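Protein chains: 2
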Amino acid sequence: MTSSGESDASTDTREAIMEATFRALAKHGYSDLRMRDIGEELDVSRTLIHYHYDGKHDLISAFLEYIVDQYEGSVAVPEGADPWSELDRRIDRCLFGPGFDDEFGHWERMKVYHDLFSQAQYDERHREVFAAHYERIRGSIAAVIRRGVDEGVFRDVDADATAQVVTDLIHVARERRISLGQEDAPEQVRRAIDEFVLSSLVDAEFALSSMRRADREAD
Amino acid sequence: MTSSGESDASTDTREAIMEATFRALAKHGYSDLRMRDIGEELDVSRTLIHYHYDGKHDLISAFLEYIVDQYEGSVAVPEGADPWSELDRRIDRCLFGPGFDDEFGHWERMKVYHDLFSQAQYDERHREVFAAHYERIRGSIAAVIRRGVDEGVFRDVDADATAQVVTDLIHVARERRISLGQEDAPEQVRRAIDEFVLSSLVDAEFALSSMRRADREAD
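Those sequence lines, one after another, are chains A and B.
Its first residue numbered 8, the first sequence is counted upward by one per residue in my numbering.
Its first residue numbered 8, the second sequence is counted upward by one per residue in my numbering.
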């Protein structure tokens, strides 16, 4: 979005426009959003929007890349975490949010995200951004499952199929909370992921030998 | 929607308005829809829309109830079907469609449905219709699971939690096909439902005794 030669002032302006777009989308929703709603959220001159973006569609596409980048940058996993901890952490972050340190909480961001997601059927460019984002979440979960299998901590499962169903359930938990107002959907889906999906990762022999080792060490 | 004293002509008009709304939504999407787009799809005078509905919101609410009714009436399960057949049939109908016998296919209907679903976050009335519909699908799947448990065909699982995860996966399969254009999502999710969820229903002892009985009968 930002070319390397761009001045700091220009980067600041774009950031300000993106945050104004956030506030306007959170207030009005995508379907009722007009360019002037974004202008009204902006402290600087609204003509700057037209200088930087070629209409509503171009602005919303840029905004989509902006929130997806923010979201992806927010899942930090400590170096050396074991596969179970990393997997839990990634799932929990997606379901319960990373706690953004600003005026918008996780669910304010998710509302805007899911609003735009549903409109992606009408827009090839948005569809590509969402598909790539979905794929990166799935990929990061598949990678930790694959690592767990390699390290002998997880059973030898199909990492891609397992990661897909986890990612799908995360998505639907957010939808149910946002569109249907089911506040407990993320907690409920977290239990379903444990019971129906992660249970397939448990290597009974490995779990047993770990327990035996712990017993011996306790003696 | 239709009071019992209403004339057939009035019912026909409402039906015509509902189908015009369908065509207009499929063409323009909810966010760009104007009342006059619906009028343009209508053979009769567009002033009839205003006679029957109190603005765009009232019309869309009535339309939502109309497609949800259509959809719910379409899942026919033969009398006396065993629990596995009924469960498969219900899941397949939701995932692959009942093959409506008119100009719109299942996916045209689903596109409109999911478009409105995402907008339900902004509308209490729509939210209630969707939540009730979601709950009825979940309930019909829970009922057949409960029956299977009672008949000793399924293991004694938590029918509500199991039905919830099946319904959630159906929802996300449709979303991925519609919003992300992933044509193979329904087939892929069908396999995931079998592997991760329905596998929990298999009563190993019951399966074994059935096999033994079949063996004896074959002798």
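Possibly wrong hints are sitting among the right ones.
Heads up, the list lumps identical chains together, so a pair's fine if it works in one copy or across two of them.
[Unchecked claim] The calculated lysine to any residue pairs, modelled on SDA-like cross-linking and capped at a C-alpha distance of 25 Å, are:
no.: 1; residue 1: 34; residue 2: 164
no.: 2; residue 1: 34; residue 2: 192
no.: 3; residue 1: 63; residue 2: 90
no.: 4; residue 1: 63; residue 2: 188
no.: 5; residue 1: 63; residue 2: 102
no.: 6; residue 1: 63; residue 2: 187
no.: 7; residue 1: 63; residue 2: 100
no.: 8; residue 1: 34; residue 2: 189
no.: 9; residue 1: 34; residue 2: 48
no.: 10; residue 1: 63; residue 2: 209
no.: 11; residue 1: 34; residue 2: 197
no.: 12; residue 1: 34; residue 2: 68
no.: 13; residue 1: 63; residue 2: 33
no.: 14; residue 1: 63; residue 2: 37
no.: 15; residue 1: 63; residue 2: 167
no.: 16; residue 1: 63; residue 2: 19
no.: 17; residue 1: 34; residue 2: 128
no.: 18; residue 1: 63; residue 2: 116
no.: 19; residue 1: 34; residue 2: 130
no.: 20; residue 1: 34; residue 2: 144
no.: 21; residue 1: 63; residue 2: 138
no.: 22; residue 1: 63; residue 2: 206
no.: 23; residue 1: 34; residue 2: 153
no.: 24; residue 1: 63; residue 2: 39
Treat the hints as calculated values from the structure; they're not laboratory data.
For clarity, every value in this text was computed on a predicted model and none was experimentally measured.
Against the structure, the hints:
Proximity of residue 34 and residue 164 under a CA criterion of 25 Å is satisfied in neither setting, with 44 Å inside one chain copy and 43 Å between copies. Proximity of residue 34 and residue 192 under a CA criterion of 25 Å is satisfied intra-copy only: 24 Å inside one chain copy versus 33 Å between copies. For the identical chains of this complex, residue 63 and residue 90 are neighbours neither inside a copy (43 Å) nor across copies (51 Å), given an alpha-carbon limit of 25 Å. With identical chains, the CA atoms of residue 63 and residue 188 are at most 25 Å apart between copies only, with a shortest distance of 23 Å across copies and 29 Å within one.
Neither within a single protomer nor between protomers do residue 63 and residue 102 lie at most 25 Å apart by alpha-carbon distance, with minima of 30 Å and 35 Å respectively. In the homo-oligomer, the alpha carbons of residue 63 and residue 187 lie at most 25 Å apart only across protomers (21 Å), although the nearest pairing inside one protomer, at 28 Å, exceeds that limit. For the homomeric pair residue 63 and residue 100, neither the shortest alpha-carbon distance inside one copy (31 Å) nor that between copies (38 Å) is at most 25 Å. For the identical chains of this complex, residue 34 and residue 189 are intra-copy neighbours only, at 21 Å inside a copy versus 31 Å across copies, given an alpha-carbon limit of 25 Å.
When the C-alpha separation of residue 34 and residue 48 is checked against a cutoff of 25 Å, the pair qualifies only within one copy, where the shortest distance is 10 Å, while the shortest distance between copies is 32 Å. For the identical chains of this complex, residue 63 and residue 209 are neighbours neither inside a copy (49 Å) nor across copies (53 Å), given an alpha-carbon limit of 25 Å. Taking CA atoms no more than 25 Å apart as the test, residue 34 paired with residue 197 passes in neither setting, with 29 Å inside one copy and 38 Å between copies. When the C-alpha separation of residue 34 and residue 68 is checked against a cutoff of 25 Å, the pair qualifies both within a copy, at 18 Å, and between copies, at 22 Å.
For a Cα distance limit of 25 Å, the shortest separation of residue 63 from residue 33 qualifies both inside one copy, at 16 Å, and across copies, at 22 Å. In this assembly of identical chains, the alpha carbons of residue 63 and residue 37 lie at most 25 Å apart whether taken from the same copy (10 Å) or from different copies (17 Å). Taking CA atoms no more than 25 Å apart as the test, residue 63 paired with residue 167 passes in neither setting, with 37 Å inside one copy and 44 Å between copies. Proximity of residue 63 to residue 19 under the C-alpha cut-off of 25 Å is restricted to the intra-copy arrangement: shortest distance 20 Å within a copy versus 40 Å between copies.
For a Cα distance limit of 25 Å, the shortest separation of residue 34 from residue 128 qualifies both inside one copy, at 22 Å, and across copies, at 12 Å. For the identical chains of this complex, residue 63 and residue 116 are intra-copy neighbours only, at 19 Å inside a copy versus 28 Å across copies, given an alpha-carbon limit of 25 Å. Taking identical chains as interchangeable, the C-alpha atoms of residue 34 and residue 130 lie at most 25 Å apart whether they share a chain (22 Å) or sit on different chains (13 Å). In the homo-oligomer, the alpha carbons of residue 34 and residue 144 never lie at most 25 Å apart, since the shortest distance is 28 Å inside one protomer and 32 Å across protomers.
Only within a single protomer do residue 63 and residue 138 lie at most 25 Å apart by alpha-carbon distance; the minimum there is 21 Å, versus 32 Å between protomers. Taking the closest pair of Cα atoms, residue 63 and residue 206 never come within 25 Å of each other, the shortest separation being 46 Å inside a single copy and 48 Å across copies. In the homo-oligomer, the alpha carbons of residue 34 and residue 153 never lie at most 25 Å apart, since the shortest distance is 42 Å inside one protomer and 44 Å across protomers. In this assembly of identical chains, the alpha carbons of residue 63 and residue 39 lie at most 25 Å apart whether taken from the same copy (12 Å) or from different copies (13 Å).
Against the hints set out earlier in the document, violations occur for numbers 1, 3, 5, 7, 10, 11, 15, 20, 22, 23.
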